[in-house]
Amino acid sequence: MRLRILPRNEQFFDLFDAAATNVVQGARYLHEMVENFDRAEELHKLIEETEHEGDITTHEIMERLNVTFVTPIDAEDIRDLAKTLDDVLDYIEATADRMILYDVGKPASYMADMVRILELAASEIVKVVGGLHDLKRPRRLLDHCIEINRLENDGDRVSRRALAELFRTATPMDAIKWKEIYEHVEMAIDKCEDIANIIESVVVKYA
Amino acid sequence: MRLRILPRNEQFFDLFDAAATNVVQGARYLHEMVENFDRAEELHKLIEETEHEGDITTHEIMERLNVTFVTPIDAEDIRDLAKTLDDVLDYIEATADRMILYDVGKPASYMADMVRILELAASEIVKVVGGLHDLKRPRRLLDHCIEINRLENDGDRVSRRALAELFRTATPMDAIKWKEIYEHVEMAIDKCEDIANIIESVVVKYA
Amino acid sequence: MRLRILPRNEQFFDLFDAAATNVVQGARYLHEMVENFDRAEELHKLIEETEHEGDITTHEIMERLNVTFVTPIDAEDIRDLAKTLDDVLDYIEATADRMILYDVGKPASYMADMVRILELAASEIVKVVGGLHDLKRPRRLLDHCIEINRLENDGDRVSRRALAELFRTATPMDAIKWKEIYEHVEMAIDKCEDIANIIESVVVKYA
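Protein chains in written order, with this note's numbering: chain A, 1116 to 1322; chain B, 1116 to 1322; chain C, 1116 to 1322.
These are computed hints drawn from the structure, not numbers from a lab.
Be careful, since some hints might not be right.
All copies of an identical chain are treated as equivalent in the list; a pair is satisfied when it fits inside any one copy or across any two copies.
[What the hints assert, rightly or not] Lysine-lysine pairs mimicking DSS-like chemistry, simulated, CA-CA at most 25 Å apart: (1) K1242 - K1198; (2) K1320 - K1242; (3) K1251 - K1160; (4) K1198 - K1160; (5) K1221 - K1160; (6) K1198 - K1320; (7) K1221 - K1198; (8) K1221 - K1294; (9) K1251 - K1294; (10) K1294 - K1242; (11) K1221 - K1251.
In isolation and in its complexed conformation, chain A is listed as follows (with noise of 0.2 Å):
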């Protein structure tokens, strides 16, 4: 019996793994398309298939919770990590096309900053998956979830600053587009603090 369980689980965990790993790929590539605004195009094309690869792993993820009787963490846990990692591309998705479609031009250095975050905090959010494996040893993933509070808090303070440089010297128009693009930034951190807390109480549950 237990030995039918433990694969189940495994395959759970390697998905969220291939998910965390498709978010990175997505922040990688936003990072590369703000600090070479002229290959924006292509860029946002290879952004779109990393999202696209991604809604197939959550929907595989979403197809084995309904046929799996035991699942290794409360499918509820299940479906709100899946549903909290395909967000996050989404965001990076929607903020790519925003950059392309509102014909904003190039982009100030506060956006590398931000982007920057962004795919550092990605990068935990493979660690934090990662330590799924292996819930008894809960310290490291914990320390994992406390660096992507840490770069949240940072996004948020260069968010600030970037709409505060916007306000002094952009255009209204400028400025209401520019703001709508840091915001999706914002939640695509955001989002990465959601997976760790949501990864946290896991670990509160069955550590």
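Take the given structure of chain A and dock chains B and C to it, following the hints.
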């Protein structure tokens, strides 16, 4: 014993049916308001009345919850569902209210597109919520959940284009106003998706 | 055994009392800042300190949660409650920070109205959280939850009017700035309502 529990279940589900029917009514009025903006004031009044009806139903569900020991689905899911159905109508009313309050003039065709999607999503909500009466046969119910997810994606796509056009053609002040209004329609559609997600998780637990 | 568990319960509830008292302190400083905008910098500092105090309390709740096996209410509800109390202060601090950072000048009277509502909602939070000590008598506690809901509706109404006036009278850039600030006050009030909702659901489970 069983005979006493079953009717009680149905009472909750009947109240949810009433709440969902009310949501679709509100969405229809909003659609009509956007298509016939010269009747805006009159339709806004009807939407306010519909929202008030919804509040009464929500209140009834909550009151019943407080005096019921054995609920047909988890008490927390009942609360969440009632709350989120209420949220959809709140956003519908807030959208109508803002169009009048901000004195925006006749809506662009994108607004009609978005409100049409909201009306379709609301119609699916009626079906999804109706499916609670027969959780043993979840296949159909899940199909409607998928359709709501598809509609939410549609809404997202339309709203991106609507904003892009707005930023190309409107004054900054009109851009601010309409962005706010579009976002409220989007949030109403998002809440429809949240309802689908809650019901999906109920199905996972009970079916 | 019972003697050992009871004090442990009280420790959690005492920490929540401290967190709620801190929230109302932050709300009072924000109100004072808006009414006496020439002292904005000084009051912003006090709000930052209050927010920092709040972080310490939140951290203490989470740490205690990690070493407690039998919690007086569900561990997840404790986490949610601590997190949401923290969120209120975060939004209060973010509101104060933005007013300074965006160099907005003296707030319109609507801002004072909104912050007054936030202060009232925060005072209700103290009572609602205090009610956790005696979950056996939930009637009063639920009345305070209803009052918070009423205040949230009030805040919503005032903020709609505030925006309408802003769009009639301000420059596009000032409209963008103040809209952002009003939204932060609204989110602080929304989080007060979330706290009421969490506690209502705790009552449903335990009373």
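Item to check | Homo-oligomer pair classification [K1294, K1251; C-alpha up to 25 Å] | outcome: For K1251 and K1294, the Cα distance exceeds 25 Å both inside one copy (43 Å) and across copies (47 Å).
Item to check | Within, between, both or neither, where K1221 and K1160 count as close if Cα-Cα is 25 Å or less | outcome: Within one copy only: 18 Å inside, 36 Å across.
Checklist entry - What label fits K1221 with K1294 when the C-alpha limit is 25 Å: within, between, both, or neither? => result Answer is both; intra-copy 15 Å and inter-copy 23 Å each pass.
Checklist entry - Between K1294 and K1242, at a C-alpha cutoff of 25 Å, which is it: within one copy, between copies, both, or neither? => result Neither way: K1294 and K1242 sit 31 Å apart in one copy and 38 Å across, limit 25 Å.
Checklist entry - Checking K1251 and K1160: alpha-carbon separation at most 25 Å within a copy, between copies, both or neither? => result neither (40 Å within a copy, 42 Å between copies)
Checklist entry - When no copy is specified for K1198 and K1320, does a C-alpha distance of 25 Å or less occur within a copy, between copies, both, or neither? => result Both. Shortest intra-copy (20 Å) and inter-copy (17 Å) distances satisfy the 25 Å Cα cut-off.
Next on the checklist: Please sort K1198 with K1160 into within, between, both or neither, judging by C-alpha distance up to 25 Å.
Outcome noted: Within one copy, since 22 Å is at most 25 Å while 37 Å is not.
Next on the checklist: Regarding K1221 and K1251, is the shortest C-alpha distance of 25 Å or less found within a copy, between copies, in both, or in neither?
Outcome noted: Neither, since 47 Å and 55 Å both go past 25 Å.
Checklist entry - Is it within, between, both or neither when you check K1221 against K1198 at 25 Å Cα-Cα? => result This pair counts as neither: shortest intra-copy Cα distance 32 Å, inter-copy 37 Å.
Checklist entry - Can you tell me if K1242 and K1198 fall within 25 Å by alpha carbon in one copy, between copies, both or neither? => result Result: close both inside a copy and across copies, 18 Å intra and 23 Å inter.
Checklist entry - How would you classify K1320 and K1242 at a CA-CA limit of 25 Å: within, between, both, or neither? => result within (19 Å within a copy, 29 Å between copies)
Of the numbered hints given earlier, the model fails hints 3, 7, 9, 10, 11; all others are met.
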